[in-house]
Amino acid sequence: MPPTDLIAHGTHVMSVCNACRYCEQYCPVFPAMERRRTFTAADLNYLANLCHGCGECLYACQYAPPHVFDINVPQTLASIRVASYQEYAWPRFLAVAFRRSSLTTAIAFAAGLTATLLLARASTPVAVAGDFYAVVPHDVMVGVFGGVMVFVLIAITIGLTRYWRDQGGRVPVSRRALADMLTLRHLHASGMDCATAEQQRTPWRRWFHHATFYGFLLCVASTTVAAIYHVVFGWVAPYGYGSVPVILGTVGGLGLLVGPAGLLATRTRRDPALSDSATARLDESFIVMLFLTSLTGLLLLAMRTQPVMGLLLAAHLGVVLAMFVTLPYGKFVHALYRAAALFKAAREGALDVQ
Amino acid sequence: MAQRQFDVIVIGGGNAALSAALTARQAGATCLVLERAPRHFRGGNSRHTRNLRCAHATATDVLEDAYSEDEFLSDLLRVTGDTDPALARLVVRQSAGCVSWMQQFGVRFQRSLRGTLHLARTNAFFLGGGKALMNTYFAAAARLGVEVLYDADVVGLDVRNGRFHSATVRVDGELTVIPGNAVVLAAGGFEANVDWLREIWGDAADRFIIRGTPFNTGTILKLMFEAGAQPIGDARQCHAVAVDARAPQFDGGIVTRLDSIPFGIVVNRDGDRFYDEGEDIWPKRYAIWGGLIARQPDQTAFSILDAKAAGCFIPPMFPPIMADSIADLAAAVDLPASRLEATIERFNSSVRPGHYDDRTLDDCRTEGLDPDKTHWARRLDTPPYLAYPLRPGITFTYLGLSVNQRTAVVMQDDTPASNIYAAGEIMAGNVLRRGYLAGIGMTIGTVFGRIAGAEAAQHATH
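These protein sequence lines map, in sequence, to chains E and H.
FYI, the numbering used here numbers position 186 of the first sequence as 189, with every residue one higher than the one before it.
FYI, the numbering used here numbers position 215 of the second sequence as 277, with every residue one higher than the one before it.
Incorrect hints may have been included.
As the list claims (entries may be wrong) - Negatives, chain E to chain H, calculated, CB over 10 Å:
#1 Ile-110
#2 Met-144
#3 Arg-341
Unchecked claim - Below, a sample of chain E positions facing chain H; criterion: calculated Cβ distance under 7 Å:
#4 Val-19
#5 Ala-22
#6 His-55
#7 His-337
#8 Ala-338
Hints listed in this document are in silico derivations from the structure and should not be mistaken for laboratory results.
In this text the structure is predicted, and so the values were computed from the model without any measurement.
Note that beta-carbon positions come from the ideal geometry of N, C-alpha and C, so glycine has one too.
Chain E on its own, in the form it takes in the complex:
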């Protein structure tokens, strides 16, 4: 659906919902909607990023297809959500990545792997097993990843700023909204876990998301601690199995293995009507990316003294590079836009009704 049609349909959907309001205690989307009488594109982007894609309102809807009003809130908002990611993306020409997420992922993997293999010193793999920097020199690693990191931060900041501005400027950080994010309260805020198919409610989406999110955070923490070890104390990797970076990375890595695998598994039982194919591919690309990051990382850890280490390191760094480079153009951005939407909802009092 072209963006103008999408906005027109979104306006139709929200006009019907706003006249009905039966779903107002399922999630913050509806109380936020009730604070409006007309719906601009920016309003729809906000509501779309406030929607966490459960199915309660679809199954409860007296106007769900095949009814002539054709109301499918989760699917409509999913489409608007992905369109909003594209709208705010920087640089603009890379927004195409959201529409072609499978292709983007494949290219990113290929590029990441090629880059790391080219950077690796092909002559030294076996003799120095266990020494990462013998394969890829530390300065090269820091240079490449640092450069990518800076680019990613700039891209994400610009995207978020565009979104923020579109939503009317300052939105104060809310402890309530933060707590909601950290606990995923809205996935069970109407008293039970949200539906992922008609009359099917399980806690698994919530738990696997927790494993993924906290696993990701632990991996980031692991890398940060390692960087401090290296820069501040001059302690050079590899670190022992009992060291802080390895423990954080291992636990986080397991979370990042179980979480994404579980999320992929729960998706097989998720009603496809709750989303559209572009959104589904975007979700799955990021989940696969996270899974491979963790898988290669853990394999590298397990076999770092083996001759295969050089290849595994190249693979891991390649995957991580691909993951980082695609952060601003994939599902990752939902964390930022949803957080901003929740802060705004908190300010509007839309989190309070449940």
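Given chain E's structure and the hints, the job is docking chain H onto it.
Positioned in the frame of chain E, the structure of chain H alone reads:
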């Protein structure tokens, strides 16, 4: 399906039908539900509902304050006037147990209400509304082993001497005769049968909008009248509200209803006012406007507002028609401009000073008009002016099957049928003779559905 005998056959697939089926199954009876709609549109008019009215002695997690049986009964009598006192008392008394009875099947309720009808004290709201309720019921029915047949159009009933033997049902063009030991009739009114409405209302029926399911065509009602059941209620009486004239002919539900009426004036096709728009608080008056508009020429009216009304009522699905002058507004909605201007001028000059308060019966009224607007009367003087085109929107009809306190259908010789029970819209006319009280349709369905299910199971298994 063929030739299987069921203890209890339930005809219908809404709240009353499922209340009966679940009760009968819990009592040990084998049970078959014949739902005429396809699965997507199952649930009859209950699909479009939101709450049920129930008496309660103290505040609960889903109801505020207290609502005594006496108050409930007097509210009911005030709207309906005539009723069957024993059945009215029965529905009020048993309303108190409905919420917990529903909850045992997993039905969830809202914690409070934020809508405009201010019913948090008297009505319990289903979380997600009536379709969520019906989904939960059908899931419970499947768990308990109630069989459900969708797209099942009952075209014949074998009823001899007040005794049910079998139902003839058409599924996919195939006719099947299904015998049963007892039957519960919960197939709704005849509101979606335009030909039948035309017999009563004449051509006016062509301009009625049916708010709910297109499947309530009164087939079962007619079959039962033919089989000698005693009718009850006036065929002209129904629950009807003002809906937007742009609504689809069927199934528009809640979003086409107009709650703007108390905030302005209502004129007919000729630009004349015809009823006190501020007679009483809206929850007590919204259900008379369908009938009022049905009696206007062309069954057409317009809710006329000015900018002061913005934000006073839930925005309906269709946007208002707007103009900066009354003359332009009249042109936009095809009303005679000079007549509308004269009506509004007369109205404005009749408005007495007062303190406007839409939460109470305030003292803003007109003087010297016929009819006066007795509350919330404010001059229409602030552009832009707004108009919503109105039509009668029928929710359900009151002509039904006479029943006794066991919900047994009463035959023309005044004797109850031995194994035929009725619940829901199809017998609501026993309690409601006219008017409507928000949420009582679902109370009638639940209370009499449970009684019908229990009685049918008792009869069928003993």
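- Query: Which numbered conditions among the earlier hints are violated in the structure presented, ordered from lowest to highest?
  - Reply: 6, 7 and 8
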